[in-house]
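Colleague: Sequences are here, hints too, so could you generate the full structure?
Top line first, the protein sequences correspond to chains E and Z.
The first sequence begins at 0 in numbering that gives the first Met the number 0 and counts up one residue at a time.
The second sequence begins at 0 in numbering that gives the first Met the number 0 and counts up one residue at a time.
Hints listed in this document are in silico derivations from the structure and should not be mistaken for laboratory results.
Where a beta carbon is used, it is the ideal one built from N, C-alpha and C, also for glycine.
Some clues are possibly wrong.
Stated by the list, open to error - Coverage of chain Z stretches by chain E, computed from C-beta distances (three or more under 8 Å per stretch; other residues unrestricted):
(1) 43–54
(2) 74–84
(3) 127–136
(4) 145–157
(5) 160–171
(6) 183–193
Claimed, not checked - On the chain E side, residues computed to face chain Z include the following (Cβ under 8 Å):
(7) Asn8
(8) Ala23
(9) Leu58
(10) Thr83
(11) Pro86
(12) Ile103
(13) Ala120
(14) Ile143
(15) Ala146
Number of protein chains: 2
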Amino acid sequence: MATSEELFNILGNETRRMILELLAERPRYTTELSEMLDIGQKAINEHLRIMRDLGIIELYVEKQQRGSPRKYFKIQDSFRMEFTISPHFFDIDVFDSEIDPAAILERFPEYEEYRKKVEEARKIARMEELRQIAYGLNKELERISQAKTYIENLISQVRGQCFTLMEGMDLDERERKVLFDIVSSGGKSGIDEIAEKCKIGEEEVKKTLRSLKEKNVIRV
Amino acid sequence: MATSEELFNILGNETRRMILELLAERPRYTTELSEMLDIGQKAINEHLRIMRDLGIIELYVEKQQRGSPRKYFKIQDSFRMEFTISPHFFDIDVFDSEIDPAAILERFPEYEEYRKKVEEARKIARMEELRQIAYGLNKELERISQAKTYIENLISQVRGQCFTLMEGMDLDERERKVLFDIVSSGGKSGIDEIAEKCKIGEEEVKKTLRSLKEKNVIRV
Numbered sequence: 000m001a002t003s004e005e006l007f008n009i010l011g012n013e014t015r016r017m018i019l020e021l022l023a024e025r026p027r028y029t030t031e032l033s034e035m036l037d038i039g040q041k042a043i044n045e046h047l048r049i050m051r052d053l054g055i056i057e058l059y060v061e062k063q064q065r066g067s068p069r070k071y072f073k074i075q076d077s078f079r080m081e082f083t084i085s086p087h088f089f090d091i092d093v094f095d096s097e098i099d100p101a102a103i104l105e106r107f108p109e110y111e112e113y114r115k116k117v118e119e120a121r122k123i124a125r126m127e128e129l130r131q132i133a134y135g136l137n138k139e140l141e142r143i144s145q146a147k148t149y150i151e152n153l154i155s156q157v158r159g160q161c162f163t164l165m166e167g168m169d170l171d172e173r174e175r176k177v178l179f180d181i182v183s184s185g186g187k188s189g190i191d192e193i194a195e196k197c198k199i200g201e202e203e204v205k206k207t208l209r210s211l212k213e214k215n216v217i218r219v
Numbered sequence: 000m001a002t003s004e005e006l007f008n009i010l011g012n013e014t015r016r017m018i019l020e021l022l023a024e025r026p027r028y029t030t031e032l033s034e035m036l037d038i039g040q041k042a043i044n045e046h047l048r049i050m051r052d053l054g055i056i057e058l059y060v061e062k063q064q065r066g067s068p069r070k071y072f073k074i075q076d077s078f079r080m081e082f083t084i085s086p087h088f089f090d091i092d093v094f095d096s097e098i099d100p101a102a103i104l105e106r107f108p109e110y111e112e113y114r115k116k117v118e119e120a121r122k123i124a125r126m127e128e129l130r131q132i133a134y135g136l137n138k139e140l141e142r143i144s145q146a147k148t149y150i151e152n153l154i155s156q157v158r159g160q161c162f163t164l165m166e167g168m169d170l171d172e173r174e175r176k177v178l179f180d181i182v183s184s185g186g187k188s189g190i191d192e193i194a195e196k197c198k199i200g201e202e203e204v205k206k207t208l209r210s211l212k213e214k215n216v217i218r219v
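Modeller: Take a look at the structure:
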């Protein structure tokens with residue numbers, strides 16, 4: 000799977016962002032993308048290749064009623080990237096897991112109604128009804144985004160408090176980094192995640208954990 | 000305010016992402032950033048200038064107990080950027096508005112407990128308690144992110160349905176684009192937003208809306 004580093008470099012390119020935006024609507028083929036974006040097929044193919052190599056998109060071949068089969072490109076089913084930056088929160092997440100609808104409906108039982116409406120939408124032949132469903136869903140998306148921001152803000156306050164506490168402690172820069180990551184993640188990051196986050200090796204993380212333990216700052 | 004276009008170009012640079020990550024923890028001064036990232040002050044200052052020009056970060060001067068006042072950099076209070084990409088969803092949002100805690104607590108009354116815990120954390124002198132609070136908050140963040148994904152998936156299904164409906168309609172490419180944007184946003188985007196999304200001028204949007212009305216596809 001691509002690292003967030005690679006993804007950012009990929010997404011720094013406007014054409015690639017536009018291709019992804021179009022593929023998020025539905026699968027498309029090279030000529031189609033080339034015409035829609037008014038960019039040569041060779042260049043489009045090169046962008047598609049780069050994104051395929053990183054596992055962001057994939058291709059499948061579909062038989063046509065007439066003529067030879069056509070190669071379609073789509074975003075990988077399991078691909079998901081989220082990026083948030085705000086005054087006290089910086090987070091890049093790349094997932095490759097599916098969501099669990101049952102767990103979500105248990106936590107948010109009211110979503111069952113949305114789900115039903117969307118399911119029924121398949122039989123709807125009117126744009127106006129689709130617009131109304133989309134209206135409700137967009138409102139909920141706004142609400143839930145705000146709630147997410149709220150939780151992120153609370154997390155950032157806890158992080159700030161962690162910094163304040165550390166000021167009174169006799170720790171070196173590396174111990175500070177590791178401790179901060181442990182506390183702010185709630186203690187659920189593994190050695191490898193701490194290493195990636197703090198940009199140090201796993202051996203160094205282990206050494207730092209030992210010294211934090213010796214200083215009686217953490218238990219293991 | 001910076002466009003999402005400009006922001007992506009800004010964030011395509013690793014050093015700038017690292018600077019923002021550090022500033023999201025707390026305000027910092029140039030020498031501090033330079034030492035932490037092991038990058039010359041001149042380069043750091045140039046990155047800071049670019050991000051200041053775009054309104055992502057700001058500076059303030061703080062008197063020191065000893066020596067001359069120091070320039071601190073922080074992420075602008077009102078700045079927030081969110082970026083999501085998944086198989087059926089592509090969205091870049093740049094906000095410059097504050098959230099409304101009262102409205103959130105009304106919709107999610109259980110967050111009041113989180114809020115209290117974090118408030119009480121100011122009096123807590125123990126890392127372990129902070130870690131526990133962070134643990135609960137991170138779990139809720141995961142849950143709410145999943146719920147957000149769920150709603151996004153429902154929206155993408157409605158979008159797909161909109162595409163299917165349009166296939167049976169006699170529309171040109173521009174009418175399709177505008178209609179798609181109206182329906183999938185729930186009809187709440189203004190002329191300017193439609194223009195930005197469809198990458199056409201506002202006059203063209205108005206013209207397209209008229210022709211869609213004449214074809215009896217929309218009412219105004």
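Colleague: Each hint: holds or not?
Modeller: Taking the hints in turn, this is what the structure says about them:
Counting residues of the region 43–54 of chain Z whose CB lies closer than 8 Å to any CB of chain E gives 0, which falls below the minimum of 3, so the coverage claim is violated. Taking a C-beta to C-beta cut-off of 8 Å, the region 74–84 of chain Z contributes 10 residues in contact with chain E, enough for the three needed, and the coverage statement holds. Interface restraint, the region 127–136 of chain Z with chain E: holds (8 residues with C-beta to C-beta distance below 8 Å; minimum three). Only residues whose C-beta sits within less than 8 Å of a C-beta in chain E count toward coverage, and the region 145–157 of chain Z has 13 of them, enough to reach three; the restraint holds.
Residues of the region 160–171 of chain Z with a Cβ under 8 Å from some Cβ of chain E number 4, which satisfies the need for three, so the listed coverage holds. Only residues whose beta carbon comes within less than 8 Å of a beta carbon in chain E count, and the region 183–193 of chain Z has 5; three or more means the coverage holds. Satisfaction of the interface hint for E:Asn8 is found here, the shortest Cβ-Cβ separation to chain Z being roughly 6 Å, below the 8 Å cut-off. A cut of 8 Å between beta carbons decides the hint on E:Ala23: the least distance to chain Z is about 4 Å, and the hint holds.
Checking E:Leu58 against chain Z by beta carbon gives a least distance of about 14 Å; that is not within 8 Å, so the hint is violated. At a threshold of 8 Å, the smallest CB-CB gap from E:Thr83 to chain Z is about 5 Å, leaving the interface hint in force. Given the 8 Å rule on beta carbons, the hint for E:Pro86 holds: about 4 Å separates it from the nearest Cβ of chain Z. A distance limit of 8 Å between C-beta atoms decides the matter here; for E:Ile103 the minimum to chain Z is near 5 Å, and the interface restraint holds.
With its C-beta approaching chain Z no nearer than about 5 Å, E:Ala120 sits inside the 8 Å limit, and its interface hint holds. Among the interface hints, the one on E:Ile143 holds; its C-beta lies about 5 Å from the nearest C-beta in chain Z, closer than the 8 Å criterion. With a cut of 8 Å, the hint placing E:Ala146 at the interface with chain Z holds, because the nearest CB-to-CB distance is about 5 Å.
Of the numbered hints stated above, those contradicted by the structure are hints 1, 9, listed in ascending order.
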